[in-house]
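Colleague: Please construct the entire structure, taking both the sequences and the accompanying hints into account.
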Amino acid sequence: MAAVQETVERVRAIDVDAYKYGFVSPIESEVAAKGLNEDIVAFISRKKGEPGWLLDWRLEAYRRWLTMEEPRWARVEYPPIDFQAIHYYAAPKTSPGPRSLDEVDPELLRTYAKLGIPLVEQEILAGVDKPRVAVDAVFDSVSVATTFKAELAKAGVIFCSFSEAVQRHSDLVRRYLGTVVPPTDNFYATLNSAVFSDGSFVYVPPGVRCPMELSTYFRINERNTGQFERTLIIADKGAYVSYLEGCTAPRRDENQLHAAVVELVAFEDAEIKYSTVQNWYPGDSKGRGGVYNFVTKRGDCRGARSKISWTQVETGSAITWKYPSCILRGEASRGEFYSIAISNGHQQVDSGTKMIHLGRNTTSRIISKGVSAGKSQNTYRGQVSVHRLATGARNFTNCDSLLIGRECGAHTVPYIEAKNASAVIEHEATTSKVSEEQLFYCLQRGLSAEEATALIVNGFVRDVLQQLPMEFAVEAQKLIAISLEGSVG
Amino acid sequence: MLEIEHLSVTVHGKPILDDLSLSVKAGEVAAIMGPNGSGKSTLSYVIAGKPHYVVTSGRVLLEGEDLLALDPTERALKGVFLAFQYPIEIPGVATMTFLKTALNAGRRARGESDLTTPEFMRRVREASQLLKIDLEMLRRPLNVGFSGGEKKRLEILQMALIQPRMAVLDETDSGLDIDALRIVAEGVNRLREPTRGFLVITHYQRLLEHIRPDVVHVMARGRIVASGGPELALELERKGYREFEEEAA
Numbered sequence: 001m002a003a004v005q006e007t008v009e010r011v012r013a014i015d016v017d018a019y020k021y022g023f024v025s026p027i028e029s030e031v032a033a034k035g036l037n038e039d040i041v042a043f044i045s046r047k048k049g050e051p052g053w054l055l056d057w058r059l060e061a062y063r064r065w066l067t068m069e070e071p072r073w074a075r076v077e078y079p080p081i082d083f084q085a086i087h088y089y090a091a092p093k094t095s096p097g098p099r100s101l102d103e104v105d106p107e108l109l110r111t112y113a114k115l116g117i118p119l120v121e122q123e124i125l126a127g128v129d130k131p132r133v134a135v136d137a138v139f140d141s142v143s144v145a146t147t148f149k150a151e152l153a154k155a156g157v158i159f160c161s162f163s164e165a166v167q168r169h170s171d172l173v174r175r176y177l178g179t180v181v182p183p184t185d186n187f188y189a190t191l192n193s194a195v196f197s198d199g200s201f202v203y204v205p206p207g208v209r210c211p212m213e214l215s216t217y218f219r220i221n222e223r224n225t226g227q228f229e230r231t232l233i234i235a236d237k238g239a240y241v242s243y244l245e246g247c248t249a250p251r252r253d254e255n256q257l258h259a260a261v262v263e264l265v266a267f268e269d270a271e272i273k274y275s276t277v278q279n280w281y282p283g284d285s286k287g288r289g290g291v292y293n294f295v296t297k298r299g300d301c302r303g304a305r306s307k308i309s310w311t312q313v314e315t316g317s318a319i320t321w322k323y324p325s326c327i328l329r330g331e332a333s334r335g336e337f338y339s340i341a342i343s344n345g346h347q348q349v350d351s352g353t354k355m356i357h358l359g360r361n362t363t364s365r366i367i368s369k370g371v372s373a374g375k376s377q378n379t380y381r382g383q384v385s386v387h388r389l390a391t392g393a394r395n396f397t398n399c400d401s402l403l404i405g406r407e408c409g410a411h412t413v414p415y416i417e418a419k420n421a422s423a424v425i426e427h428e429a430t431t432s433k434v435s436e437e438q439l440f441y442c443l444q445r446g447l448s449a450e451e452a453t454a455l456i457v458n459g460f461v462r463d464v465l466q467q468l469p470m471e472f473a474v475e476a477q478k479l480i481a482i483s484l485e486g487s488v489g
Numbered sequence: 490m491l492e493i494e495h496l497s498v499t500v501h502g503k504p505i506l507d508d509l510s511l512s513v514k515a516g517e518v519a520a521i522m523g524p525n526g527s528g529k530s531t532l533s534y535v536i537a538g539k540p541h542y543v544v545t546s547g548r549v550l551l552e553g554e555d556l557l558a559l560d561p562t563e564r565a566l567k568g569v570f571l572a573f574q575y576p577i578e579i580p581g582v583a584t585m586t587f588l589k590t591a592l593n594a595g596r597r598a599r600g601e602s603d604l605t606t607p608e609f610m611r612r613v614r615e616a617s618q619l620l621k622i623d624l625e626m627l628r629r630p631l632n633v634g635f636s637g638g639e640k641k642r643l644e645i646l647q648m649a650l651i652q653p654r655m656a657v658l659d660e661t662d663s664g665l666d667i668d669a670l671r672i673v674a675e676g677v678n679r680l681r682e683p684t685r686g687f688l689v690i691t692h693y694q695r696l697l698e699h700i701r702p703d704v705v706h707v708m709a710r711g712r713i714v715a716s717g718g719p720e721l722a723l724e725l726e727r728k729g730y731r732e733f734e735e736e737a738a
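Keeping their order, the protein sequence lines are chains A and B. Quick note: the first sequence, position 230, residue 230 per my numbering, numbers continuous. If you want my numbering, it's the position in the second sequence, counting the first as 1, plus 489.
Any given hint could be a false lead.
What the hints assert, rightly or not - With a Cα cut of at most 20 Å, we get these calculated DMTMM-like pairs of lysine to aspartate or glutamate:
{"#": "1", "chain 1": "A", "residue 1": "LYS354", "chain 2": "A", "residue 2": "GLU426"}
{"#": "2", "chain 1": "B", "residue 1": "LYS640", "chain 2": "B", "residue 2": "ASP668"}
{"#": "3", "chain 1": "B", "residue 1": "LYS567", "chain 2": "B", "residue 2": "ASP603"}
{"#": "4", "chain 1": "B", "residue 1": "LYS567", "chain 2": "A", "residue 2": "GLU450"}
{"#": "5", "chain 1": "B", "residue 1": "LYS539", "chain 2": "A", "residue 2": "GLU436"}
{"#": "6", "chain 1": "A", "residue 1": "LYS286", "chain 2": "A", "residue 2": "GLU407"}
{"#": "7", "chain 1": "B", "residue 1": "LYS539", "chain 2": "A", "residue 2": "GLU450"}
{"#": "8", "chain 1": "A", "residue 1": "LYS375", "chain 2": "A", "residue 2": "GLU426"}
{"#": "9", "chain 1": "B", "residue 1": "LYS640", "chain 2": "A", "residue 2": "GLU437"}
{"#": "10", "chain 1": "A", "residue 1": "LYS433", "chain 2": "B", "residue 2": "GLU578"}
{"#": "11", "chain 1": "A", "residue 1": "LYS237", "chain 2": "A", "residue 2": "ASP284"}
{"#": "12", "chain 1": "B", "residue 1": "LYS514", "chain 2": "B", "residue 2": "ASP560"}
{"#": "13", "chain 1": "A", "residue 1": "LYS149", "chain 2": "A", "residue 2": "ASP236"}
{"#": "14", "chain 1": "A", "residue 1": "LYS375", "chain 2": "A", "residue 2": "GLU407"}
{"#": "15", "chain 1": "B", "residue 1": "LYS539", "chain 2": "B", "residue 2": "GLU563"}
{"#": "16", "chain 1": "B", "residue 1": "LYS567", "chain 2": "B", "residue 2": "GLU682"}
{"#": "17", "chain 1": "B", "residue 1": "LYS539", "chain 2": "A", "residue 2": "GLU437"}
{"#": "18", "chain 1": "A", "residue 1": "LYS354", "chain 2": "A", "residue 2": "GLU271"}
Don't read these hints as lab results, they were simulated from the structure.
Modeller: This is the structure we're talking about:
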C-alpha cells in the first residue's frame with residue numbers, strides 16, 4: 001500500500017526525459033584500445049592474471065565468434081553494430097582487487113551511494129530492521145567491492161567477483177564454466193566468452209542455505225564501453241541461494257553494448273532463485289542512445305528435485321534480447337520464469353524463456369507480463385520443449401500483455417513442442433488495454449492520469465512482483481511507475 | 490451550488506442532451522427521474538467530465554466555477570463525486586489500496602498530509618461498519634468478482650470517505666435488493682449536510698422512499714420536462730413516463 005503511494009510520489013517528482021541514473025562519474029579509468037582481436041583478448045586475460053587454460057578458452061571462443069553471424073530473428077531493429085568501435089575493457093584506475101572497503105576509491109563509493117546501493121557494511125549492520133544483503137559491485141569491467149564476505153565464508157558460501165574466483169577457486173570455475181552456456185552457444189554468448197570482464201561467482205556447499213540475499217550491481221560508466229559480465233552460480237546438493245542483480249548506466253547519445261552470460265547449476269534438491277531488476281539507460285524520448293542488452297541466461301537443473309526460478313523486472317535498455325532458460329534434466333526438477341517487461345518511448349523488447357524438459361516428471365511455470373507504452377514494441381518469445389524421455393512433464397504458461405496508448409505493439413510468439421505423449425502443456429495469453437473506463441474511474445476519484453496508470457499497471461504485474469524478494473519489490477514497483485512516465489496523454 | 494444552464498451534448502455526433510437546465514442548492518437532494526435513454530447517465534458523465542461527451546452549448550457551474558473548463562481529476566478535487574451505475578473493475582489493485590490512494594489525492598490537493606495507516610484504517614472501519622461491508626472484501630481487487638450490491642455499497646463507502654461537496658448518484662438503486670437498498674440509502678442520508686448537494690438519478694420511485702428528495706425533476710428526451718416536490722415522484726409512479734415523454738416530443 002505504502003509502496004503504491006510512494007510510486008505515485010516518485011512519478012510526480014520526475015519529468016519525462018529524466019533517467020535518474022543517467023549521471024557520469026568522474027573516475028579515472030584504464031581503458032583498452034578500441035576494437036577486438038587476439039591481442040585484446042590476451043590483454044584482458046593478462047590484466048586479470050588468468051591461468052593459461054582460461055586464455056586458451058577465450059581465444060577459442062574468439063576464433064569461433066569470427067565465423068558466426070549476428071542473430072536477426074528477433075523482432076528488434078537497429079543499425080549494424082561496429083564491433084571494432086567498442087572498448088572491450090575499462091577499469092577504474094585504483095584497481096585491481098581492493099581487499100577491503102577501505103581501499104575502494106571514495107568516488108566509487110559515492111557513485112554507488114547515489115545509486116542507492118550500500119557498500120558500507122557497518123551501516124547495514126547497524127540498522128536492525130534493514131534487510132541484510134551482500135553486495136558485489138561491478139563498475140565497467142571490474143568488480144570493485146564485495147560486502148559481507150567474512151560472514152558468508154563462515155557459512156561456507158563463496159561469493160566474490162569472477163576474477164577473484166578464477167584466482168582462488170580456479171578448480172570450481174574450470175569445472176563449471178561454459179557447462180551450461182557453452183562458448184559456442186550463440187553469437188553474443190561466444191563474444192562474451194572471448195572478452196568477458198567480470199561478474200559474480202557464487203558457490204553454496206551441500207546442505208547450506210545461504211544466510212542472506214546476494215546481490216550484484218552492474219554499472220557501465222565509460223563511454224563506448226561494452227560490458228560483458230559473466231556470472232556463475234552453483235548450488236550444491238540441498239543448497240539454497242537467492243541472488244539479485246541490478247543494472248544502470250549513464251545517459252549517452254550513442255548506444256552501449258551489454259552482452260552478459262549467466263550460468264546457474266543446481267544439484268539434487270538445490271534451489272536457486274535469480275532475480276533481475278534491469279534498468280539500463282533506455283535512450284531518450286527521440287530514441288537516441290540507450291543500451292543494447294543482448295544477454296544469455298540459462299540454468300541447469302542437474303539434480304533430481306532441483307529448482308531454478310528466474311524473476312525479472314525489465315524496464316531499461318533501448319533493445320532487450322534475453323531469454324532466461326531452464327534445462328530440466330534432473331527428475332522432478334522445476335523451472336520457473338516470472339517476468340515483467342515494460343517498454344516505453346522507442347524501446348524494443350524481445351524477451352521470454354525456454355523450458356527444456358529432459359527428465360521425468362519435470363515441471364515448469366511461466367508467467368509473463370508485458371506492458372507497452374509510447375512507440376515501443378514488446379515481444380514475448382517463449383519455448384516449451386518436452387523431450388522423448390520426459391514422461392509426466394508439465395508446463396503452465398500465462399502471457400498477458402497490456403497496451404497503453406495507440407502507437408505501441410505487443411506480440412506473443414510461443415513455440416511448443418512435445419515428443420512425449422504424456423506431456424501436459426497449458427498456454428494462456430491475453431492482451432488488454434488500459435481502458436478509458438478504468439482511467440476515468442480513477443480520475444473521478446481524484447487521481448492524476450499518471451497515478452491512475454501506475455496503479456493499474458502495478459495491479460497488472462502484481463503476481464510477478466510478489467515473486468521478488470520483499471526488499472526489492474518496492475524498488476521494482478517504483479521503477480515501473482517511473483519508466484511509464486509520460487505514457488499517458 | 491450546481492448550476493446547469495442550457496446544456497446540449499452530443500455523443501459520437503448524436504444529440505443526447507438538449508438545452509437542459511437544472512440547479513441543485515447546497516443542502517438539497519434533487520432527484521432526476523426518467524425513462525431509459527432519456528439522457529440521465531449522460532448528464533452524470535458530463536458533470537464528471539468523461540471523455541467523448543461533446544458539449545455543444547451551455548454551462549455547468551459548481552459554486553460559480555466553470556466545471557467544463559476542468560479535467561476530470563480537477564473536478565473530483567473540487568468536490569464532484571460520481572457514484573457509478575456500473576463501477577469499474579481494476580484487477581490486481583486491492584480495494585484498500587485504491588481507497589487510500591484516492592483519499593490521499595484529495596488531501597494533498599487541499600494541502601493536507603497523507604493519512605497515517607492507523608487513522609486511515611479507523612475511518613475505513615467506521616464507514617464500512619455502517620454500510621455492512623466486510624473488511625475482507627476490501628482486501629480483494631477493486632470490484633473484481635463483487636456482487637452488484639457489493640459494488641454499490643463500495644461506491645457509497647468511497648463517497649463517505651471522500652466527503653464530496655456535490656455527489657451525483659447514477660442509478661445507485663439498480664440491482665439492489667430491498668435490504669441493500671435500505672443500507673445504501675441510510676449511507677446517503679447520513680451524509681446529508683447543509684453544505685452538500687446531491688443529485689440522485691433513478692429510474693424508480695422506490696429509492697426515493699428511502700432518500701427523501703427535496704426536489705424531483707422529470708427528464709425525457711434530453712431535457713427536464715417537469716419539476717416539483719416529492720409528490721411528483723408518486724405521480725410519476727402512478728401515471729408512468731409516457732405522458733411526460735409526449736410533452737417533450
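Colleague: Which earlier hints can't be squared with this structure?
Modeller: 8, 11, 12
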